[in-house]
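Engineer: Spelled out from the first residue to the last, the chains are:
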Amino acid sequence: MTIQDTLRSADPTLDALEARVLGEIAEMLRDVIGEEYVVDMEITMDTSFNEDLELESIEFVTLADRMRVTYGDQVDFVGFLAEMDVDRVINMRVGEVVHFIADSLRAGAKGA
Amino acid sequence: MGRILFVVPPLAGHVYPAVGIAGELTDRGHEVAIAGHASVVRPLVPAPLRLVELPEEITSGERAEIEEKSRRQRGTGSFKFLWEDFLLPLGTAMARDLEPVVDDFRPDIVVVDQQAVGGALLARRRRLRWVTLATTSAEFDNPYGVMAAVGQWVDDRLREFQLASGVPAEEAGRGDLRFSDLLTLVCSVTELLRMPDAVAALPPGTVFIGSGAGLRQPLADFPWSWLDPARAKVLVSLGTVTRETGGRFLRVAAEALAGMTGQVQTIIVAPPGIVDDLAAAAPADVLVRDKVPQLELMGHLSAVVCHAGNNTVCEALSQGVPLVVAPVRDDQPMIAEQVTRAGAGLRVRFGLVNAAGVAAAVASVLDDPAYRSAARRLRDDFASAGGVAAGAAHIEKLLP
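Chains as they are written, first to last, in our numbering: chain Z, 139 to 250; chain X, 1341 to 1740.
Since the hints were made in silico from the structure, they are not lab data.
Glycine included, C-beta positions come from ideal geometry on N, C-alpha and C.
It is possible that part of the hints are untrue.
To give an idea of the chain X side of the interface with chain Z (calculated C-beta under 10 Å), a few residues [what the hints assert, rightly or not]: (1) Ser-1418; (2) Pro-1483; (3) Met-1487; (4) Val-1490; (5) Gly-1491; (6) Leu-1627; (7) Arg-1669; (8) Met-1674.
Chain X on its own, in the form it takes in the complex:
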């Protein structure tokens, strides 16, 4: 049996797939731990899994400041912000704080989130076997497009990051911290990539496992009897996107769907105070919940309206559910592009779309069977990719 350490950044969307694969490895009898920042990660790690807490380098005040700044980031500028203001400083702190964790846990393999580059740096410095876990496929689909300078800038910063931390130049030049040369697991399917260029360009050792959904915290309760078998069900969720940012969009989407009550029942994931009045006005048509058991709900849905977060998109497509996507920033525009390119959904503008725009997009996705057919084809691709069980099996093969 092996000792496997997962390293995750304090970003919820990155923690779920790590927990999914870690849960699978625990079931197979391995000694597994997750290293991360308790303030974000603790609520996402179910009891049987061990969490090794990293010091909270960033105070909640500083985190609020970064989040506030990040809310204003759009377009190509968001790449630079993400790395310069968040991921690289985080990487420096994590590479340092993981030293004693590694000494204590003595992992056979470290599974490092693609954006937790501090974990990869430490593993390289200490000559540990490490695997990359990419919880989004954006980096494998040429996210920088013709903006080569942006991609080059990220490459250069990452090389400097290695050199500054004592990795010899020759070694730093050999490999990028975002891609393990041993194994890189990607939570997606190759069928979503720009074919065939992107598939041909994949780094060696890259394996697409499909959806990273697996072990989760105990399910949120849900009023299953509320669902009306005679109507199509649509879920509106912005995942873990900062809630204040999403308020306008949730409101617009809820208004759009509340106007389609003849055919549609709507479930909206929203904190209190944003759309409750719409649910109160039409209690048989609109349901607002703070949390939903998304995986279990997915099988009942005819469409999902979301921010193109990779986890939600993969969960929807794994069950053949088409989407309306409203990407906000970072990898989301790329994931939204994958959905529309595959024909499995439509894109709307997060910051500017109005209720009529959302209503038109949802009506198209519900009424035109082409979207559902495309989503169903992808469901088969996700099924063959194997999910967290496949991810766990690939990691097991690397154990001594």
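Excised from the complex, chain Z in its bound form:
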């Protein structure tokens, strides 16, 4: 990761909720992938699940479980993935998931 990538993680276009979610997702990903891998890798909105993180499909199952623990039923990550086509799944970046989670949380808060 370059300095530019690190700077982008403090993206001024992110609101407080999105910035918080990015931090939470990065933590979950570190946990799923294992420490020796991402010790010095900054996970940003631009990080690709496939190319950068080499996340295997079975690891998405673990990620989905972690999200359920953190966000409960408000965030349906499995449903989100189910609606994607194959190229979108393969090219998916962390930012897309952060926006999806932030939107779900906002919708949940409004509904409550």
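Assemble chain X onto chain Z, guided by the hints.
Structural biologist: Frame of chain Z; chain X shown alone:
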């Protein structure tokens, strides 16, 4: 006596189990042939078995290009690459090239490797009885997980593949070319699947036979007297994983194990030039061989470090040997997950783990008896599954 034709893709790991079962059927007096691409398959087919050579559709230059591209594939993207760039074009060529083979050999049964979908397509088109041989259990353990789109994409491409080759839509919709509706033999045990969901979801006619190890080429020689009965023996092998890709990992693993010489002797399967210096520096502790008699060696081992190729994993577990697995791509992450889920080993990251990481994993697997106990429980499951003899018996039952 029956006439049985095996159809294999040019992938070594898929050829060994076919040869194992074909050898068993030959011993039982059947007329058996293996159809495949000589450049890859010939060296793996021992003399008593007949090889029917398919035209080498892909030149060695093109193959090198595909291999080069495949080396960069990781994660979920590797599924799409495998089918789109390799298996489906191969299937089209094989369905065509197998026509004259079938006319000539007139098989009673065609045993088709699960990834050689051209063989299944031809059998369906010609209304031949066909059996699927799955040399890995990944497809039976929901390998796509929550990435349903990837699984659906593969299903759709395979349906299109049938339609494009003249299979009527109604028939194409009835069955997937990866699963015979007559019999699907799987080289694994159900105890490795995600229980109980995966077992309940198995297609009808699916039989798990355990390890596909059987007939092989004459054994590689091995300096058996080198083994020290007082120390634990660890084998490091990346099977048939492209060797350049594995160089870094082999080096890291060798360095890790060379540092454990008090307790461990290490056998590393590696081509010349990667770890020879480590063996030269510690000739009583580290042995480097280009090839080893893996099945015979397995009984002497306390642990295996490998890429989670299904054959090596099944051979290790069949003899109760725990593993450290470093999956690279395709089905290997799934097989690695099976090993760790069963408690029979630990996973490390192939591309990123360092020597300290490998050393810690190997030390855990050697020192904590839980890994060996889990591997021994699986050894019993593999024994009851019956191996290539069971596979051969199931095929025999389908003969006219």
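Engineer: Is the interface hint satisfied for Met-1487 of chain X? The criterion is a beta-carbon contact with chain Z at less than 10 Å.
Structural biologist: holds, 4 Å
Engineer: The hint names Val-1490 of chain X as touching chain Z; please verify it with the least Cβ-Cβ distance against 10 Å.
Structural biologist: holds, 6 Å
Engineer: Does Gly-1491 of chain X pass the interface hint, meaning its C-beta sits closer than 10 Å to a C-beta of chain Z?
Structural biologist: Cβ of Gly-1491 of chain X sits 9 Å from chain Z, so the hint holds.
Engineer: Grab the minimum C-beta distance from Leu-1627 of chain X to chain Z and call the hint holds if it beats 10 Å, violated otherwise.
Structural biologist: At 28 Å from the nearest chain Z Cβ, Leu-1627 of chain X fails the 10 Å test, so the hint is violated.
Engineer: With 10 Å as the cut and Cβ atoms as the points, is Met-1674 of chain X at the interface with chain Z?
Structural biologist: Given a least distance of 6 Å, the restraint on Met-1674 of chain X holds.
Engineer: Hey, does the Ser-1418 of chain X contact hint survive, CB to chain Z under 10 Å?
Structural biologist: Status holds, d = 9 Å.
Engineer: Would the hint on Pro-1483 of chain X stand, with a C-beta cut-off of 10 Å toward chain Z?
Structural biologist: holds, 7 Å
Engineer: Min Cβ distance, Arg-1669 of chain X to chain Z: is it shorter than 10 Å?
Structural biologist: Result: holds, 9 Å to nearest chain Z Cβ.
In this structure, the one hint that does not hold is number 6.
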